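Note that our numbering gives residue 159 to position 163 of the sequence shown, counting from 1, and the numbers run on in steps of one.
Read the hints as simulated data drawn from the structure, not as lab findings.
Do not rely on the hints blindly, as some may be mistaken.
Result set (SDA-like, lysine to any residue): computed pairs, CA atoms no more than 20 angstroms apart in a straight line [as the list claims (entries may be wrong)]:
(1) Lys146 to Gln160
(2) Lys60 to Pro292
(3) Lys454 to Met444
(4) Lys221 to Gln240
(5) Lys458 to Ile375
(6) Lys221 to Asp245
(7) Lys341 to Val174
(8) Lys341 to Lys221
(9) Lys211 to Pro182
(10) Lys416 to Ile375
Source: prediction; values computed, not measured.
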Amino acid sequence: MSDGTSTSDESRDLESASSDGQDDRSRVQTSEPKGSPDENGKPPSSDGDGTQFKVDDPLFSQRKGIFQNKEMVRVGWVPDGDRIVGRDDYISTISSCLNDAVYGGAPNHISITGKTGTGKSLVSRYVTRRAVNASVEDIRIGHTYLDCSKSSTEVQVISTIGQQLNDEDIYDEDEDIVKMPDTGLPKDKFYKRLWQILDHYDSAIIILDEVDLLKSDHVLMSLAKAVESNDTSCQIGIIAISNQINFFDELNPRTKSAFQTQELNFDPYNANQIQEILRGRDDAFRDGVLTDDVIPLVAAFSAQEHGDARKAMRLFRTAGELADREGSDVVGEDHVRSAQDTLEKDRFRDFLQGTPTQMKAACLSISAKSLYSRDDYVITGELYDAYQQITNAIDMDTIGIRRFRDILDEMQLSQVIETKEVNMGKGGGRHNSHRLLHNPETILDIVMEDTRFREISKSSLKRFA
């Protein structure tokens, strides 16, 4: 289990409201952030056609702006089903697993893997809300979403689930409300209070996003065995989501035995699907502000990074924000390119923050290869040779190739590079080959913010490639 923080900012803002809405059977208390759309999907500061209400403070813009409903291009916005693209089979499978919950029965556990931005969280939340709203009369389904990058300890998970399900409406008038604090109780007391809250539901669907970031998988076993252990009468279904494809194979054997799941792996979107997703959100902008090349260009940038819809949506929104900030009446290609450059630098700066200089030297080596080599993919040995030349040039310690491979593994997990195994032919053996997933110029700019690397000019990197 990881005890670190997530480098992916895919599944972070997922607390915004669904356009599907919730009827009173949901029973889960949610707080709407200021600026969320109203019940008709209109932003509170707009009359729906982009004309904004009068702003009295001259510090703030008086113009109509680029956006009509900005919430629609935020990562956490859950759309209607007709805006969900290329995920019909996954929706069908998940709905089958949750079907019994609609009648108060036991939903099946589901484990979902796939790269970031493939719709894992969105589809899980969409189908869960459909199940809640479809539940038969007098059946109460609780549902909760938990980002394990923010709540990673066992107590944090138990407490957060309990707090999200602990709606006053589930209690009888003369019944004491269970109090679920953040801290201050022994772990078994937290569990006892969670079971008491769950007893007010017939079924509960618990979505654990970025589940690989839990510090212990014991909570999975406890939730999965709760009914069998007579802890609660509530039928619990867990949807566990991870970007790491092998995560569920590496669970503790006891947890794996209790947590029997339907396994799903989400495929990346292709460029056409990304375009369709973006066109399904273009009414976030005022009519006529998007030039024809904006959506194809955003999709093309996204397709370079395995079809990440999350990054595509963030780029789409940021391009609009840049245009808005400039006072432009349209969002054009230049705004998309500027937004891409800004977001890529921010992502890579976040990735390198606090990392050892060896990681930066490795990034420099693959950037040099990417700029000056004819091949898209470079084998580990060639990258290591370039790395050695760089460390020698700045009089820096050189690590061995085994540790260098570990750094490349970290870069792959953080989606800085893509790695595949290649056969070099008879006598050549099999080798890992690597491709940079980011603009090498951007990486060079960020790495050279470190004074140790300023001795190397961009023009001199060609000799290392």
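If you draw a straight line from the CA of lysine 146 to the CA of glutamine 160, is it 20 angstroms or shorter? holds (15 angstroms)
Is the Cα-Cα distance between lysine 458 and isoleucine 375 20 angstroms or less? holds (18 angstroms)
For lysine 341 and valine 174, compute the direct alpha-carbon distance and say whether it is at most 20 angstroms. violated (47 angstroms)
Take a quick look at whether lysine 341 and lysine 221 sit within 20 angstroms of each other, Cα to Cα. Not satisfied, since the Cα-Cα distance of roughly 45 angstroms exceeds 20 angstroms.
Within a Cα-Cα threshold of 20 angstroms, do lysine 221 and glutamine 240 meet the stated pairing? Not satisfied, since the Cα-Cα distance of roughly 24 angstroms exceeds 20 angstroms.
Given the proposed pairing of lysine 454 with methionine 444, does the C-alpha separation stay at or below 20 angstroms? At roughly 9 angstroms apart (the allowed maximum being 20 angstroms), methionine 444 and lysine 454 satisfy the hint.
Below or equal to 20 angstroms on CA atoms is what counts here, so check lysine 416 against isoleucine 375. holds (9 angstroms)
Hey, lysine 60 versus proline 292, does the alpha-carbon distance stay inside 20 angstroms? It is violated: about 26 angstroms lies between the C-alpha atoms, which goes past 20 angstroms.
Given the hinted pair lysine 221 and aspartate 245, is their Cα-Cα distance within 20 angstroms? holds (19 angstroms)
Is the hinted pair lysine 211 and proline 182 satisfied, with a Cα-Cα distance of at most 20 angstroms? holds (18 angstroms)
Comparing the model with each numbered hint stated earlier shows that hints 2, 4, 7, 8 do not hold.
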